[in-house]
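With these hints in hand, go ahead and build the complete structure from the sequences.
Each residue of the sequence shown is one higher than the one before, starting from 0 at the first, in numbering that gives the first Met the number 0.
Simulated from the structure, these hints should not be mistaken for lab results. Cβ atoms here follow ideal geometry from the backbone N, Cα and C, with glycine treated the same way. Keep in mind that the hints are not guaranteed to be accurate.
Stated by the list, open to error - Restraint-style ranges between C-beta atoms, simulated for each label pair:
no., residue 1, residue 2, range
1, Pro-16, Leu-56, 29 to 37 Å
2, Phe-70, Val-9, 21 to 29 Å
3, Ile-25, Phe-80, 19 to 27 Å
4, Tyr-65, Asp-87, 24 to 32 Å
5, Val-27, Phe-70, 17 to 25 Å
6, Gly-83, Asp-18, 31 to 39 Å
7, Glu-3, Ser-76, 33 to 41 Å
8, Asp-20, Tyr-58, 39 to 47 Å
9, Gln-15, Tyr-41, 15 to 23 Å
10, Ser-2, Leu-52, 21 to 29 Å
11, Phe-80, Phe-31, 14 to 22 Å
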Amino acid sequence: MTSEDQTLLVAVDMIQPRDYDQQYNIGVEYGFKNILFLRGGYKLNYDEESFSLGFGLMYKNYRIDYAFSDFGDFLDSVHRFSFGFTID
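What follows is the structure in structure tokens.
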């Protein structure tokens, strides 16, 4: 779904490892005015990982992203930050 001010991206992914059952990933990203992005995702049939939440901010050629992931008992909660830029 896209409009002048809003976008919605939905992604579904299936992985078939050789030594494990099929795994599925589902993700959603909502964008507002190509500045603010809200994200959520869920992993099915993983031993430790399950859900993730995040957001991103874009200004001109710069982008800042944050994500929170639950890794269960293995790593508990994981916070990820990233910074990016594009060169025109």
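| query | Okay, which hints does this one fail, numbers in order? | reply | none
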